[in-house]
Amino acid sequence: GAVVSQHPSRVICKSGTSVKIECRSLDFQATTMFWYRQFPKKSLMLMATSNEGSKATYEQGVEKDKFLINHASLTLSTLTVTSAHPEDSSFYICSASYGTVDGYTFGSGTRLTVV
Amino acid sequence: GESVGLHLPTLSVQEGDNSIINCAYSNSASDYFIWYKQESGKGPQFIIDIRSNMDKRQGQRVTVLLNKTVKHLSLQIAATQPGDSAVYFCAESIYGNKLVFGAGTILRVKS
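Those protein sequences? They're chains A and B, same order as listed.
132 is the number of the first residue of the first sequence in the numbering used here; add one for each residue after it.
24 is the number of the first residue of the second sequence in the numbering used here; add one for each residue after it.
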């Protein structure tokens, strides 16, 4: 089946630094990748949709300069949290699709802690 | 904005009993629905899906029911096992576009 690898699984960084999270589709080409954010005991909130080779589409309220998304190839999308602050601490999850919504596969998530 | 539920209720069931998890969705135009299981510290895992032209779909030990009249979705788990303990989310989509997740339900299985 379709496998999505997300790395790192956990990261701790200092305030003011930037952190990059990678999302890779291992055995299929992902035309679309999605980035979600999840707070403890809360649901997944879609942050942005990225299509290979084009700019990401951000959801309302998500700062595009804060959360940089790059989808340079059909198997890799990255999310960079720039100038991280403690309020950016969260669980970030990616999903990749090979074309339709029923083709979505989720990564295992990244726990970001900003100290 | 789009939303599918706002709270995170907890459902406690005895091992071996059946579980019913409910979800109210908000967008009547949604045409595809998925149930996910999420264990602590992991990404969502697909359980079962249903399209809007159906009202029931069965999988292995799971059944999804869709009531479009009242915009309600339910997940039934038969003979609930301790390994079923997790958070369950419903998600909706319109015309194959982005998924919008519901608030989730914590399922606790007592042995």
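It is worth saying that the hints were derived from the structure and are not from the lab.
Incorrect hints may have been included.
Claimed, not checked - Each computed DSBU-like pair below joins lysine-lysine, with the alpha-carbon atoms no more than 35 Å apart:
1) B:Lys-65 - B:Lys-94
2) B:Lys-79 - A:Lys-186
3) B:Lys-91 - B:Lys-133
4) A:Lys-172 - B:Lys-79
5) B:Lys-94 - A:Lys-151
6) A:Lys-195 - B:Lys-121
7) A:Lys-172 - B:Lys-121
8) A:Lys-186 - A:Lys-197
9) A:Lys-145 - B:Lys-121
10) A:Lys-151 - B:Lys-79
11) A:Lys-186 - A:Lys-172
12) A:Lys-186 - A:Lys-145
13) B:Lys-133 - A:Lys-197
14) A:Lys-151 - B:Lys-91
15) A:Lys-151 - A:Lys-186
16) A:Lys-173 - A:Lys-145
17) B:Lys-91 - A:Lys-197
18) B:Lys-94 - B:Lys-79
19) B:Lys-79 - A:Lys-195
20) A:Lys-145 - A:Lys-172
21) A:Lys-145 - A:Lys-195
22) A:Lys-186 - B:Lys-133
23) B:Lys-133 - B:Lys-94
24) A:Lys-151 - B:Lys-133
25) B:Lys-133 - A:Lys-195
26) A:Lys-145 - B:Lys-133
27) A:Lys-172 - A:Lys-151
- Quick check: which numbered hints come out false for this structure? Result: hints 2, 5, 10, 13, 14, 17, 19, 22, 24, 25, 26 break, sorted rising.
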